[in-house]
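The task is simple: from the sequences and hints, build the whole structure.
In terms of the working numbering, the sequence shown has 18 at position 18, counting the first letter as 1, and numbering is strictly consecutive.
Quick caveat, the hints were computed from the structure, so don't treat them as lab data. In this text, all values refer to a predicted model and were calculated from it rather than measured experimentally. Glycine included, each C-beta is placed from N, C-alpha and C at the ideal position. Among the hints, erroneous ones may be present.
Said to hold, decoys possible - Taking lysine-lysine pairs in the DSBU-like style, the calculated list, with each CA pair at most 30 angstroms apart, reads:
#: 1; residue 1: K45; residue 2: K20
#: 2; residue 1: K3; residue 2: K19
#: 3; residue 1: K26; residue 2: K3
Unchecked claim - Derived DEER-like restraints, expressed as beta-carbon distance ranges:
#: 4; residue 1: N17; residue 2: Q46; range: 12 to 22 angstroms
#: 5; residue 1: G18; residue 2: A62; range: 41 to 51 angstroms
#: 6; residue 1: S35; residue 2: S13; range: 15 to 25 angstroms
#: 7; residue 1: N17; residue 2: R63; range: 45 to 55 angstroms
#: 8; residue 1: R34; residue 2: K3; range: 12 to 22 angstroms
#: 9; residue 1: H6; residue 2: S35; range: 17 to 27 angstroms
#: 10; residue 1: A62; residue 2: N30; range: 41 to 51 angstroms
#: 11; residue 1: E23; residue 2: A62; range: 40 to 50 angstroms
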Amino acid sequence: MVKINHARDVAISHYKNGKKAPEIAKLLANKVHRSTIDRWIRRYKQSGSIGVKLKSGRPRTARTK
1 MVKINHARDV AISHYKNGKK APEIAKLLAN KVHRSTIDRW IRRYKQSGSI GVKLKSGRPR
61 TARTK
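Structure below.
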């Protein structure tokens with residue numbers, strides 16, 4: 001199984017070198033779906049970063065017993 005962080009780094013690196021999502025999927029031996037690669041590229045174009053975005057949501061609550 002391909003490590004996701006490594007696959008994302010490799011995919012963005014190939015994208016920077018001019019490859020398209022279908023080509024990148026083939027280079028990754030189809031271990032990562034093309035739509036996932038498209039999402040990574042879209043997020044990279046929007047933010048300029050390949051890091052994982054923090055998810056918004058309800059804050060955790062502290063429970064005491």
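Results of checking the hints against the structure:
no. : hint                          : verdict
1   : K45 - K20                     : holds, 13 angstroms
2   : K3 - K19                      : holds, 20 angstroms
3   : K26 - K3                      : holds, 16 angstroms
4   : N17 - Q46: 12 to 22 angstroms : holds, 20 angstroms
5   : G18 - A62: 41 to 51 angstroms : holds, 50 angstroms
6   : S35 - S13: 15 to 25 angstroms : holds, 19 angstroms
7   : N17 - R63: 45 to 55 angstroms : holds, 49 angstroms
8   : R34 - K3: 12 to 22 angstroms  : holds, 19 angstroms
9   : H6 - S35: 17 to 27 angstroms  : holds, 19 angstroms
10  : A62 - N30: 41 to 51 angstroms : holds, 44 angstroms
11  : E23 - A62: 40 to 50 angstroms : holds, 48 angstroms
Hint compliance for this structure: no hint is broken.
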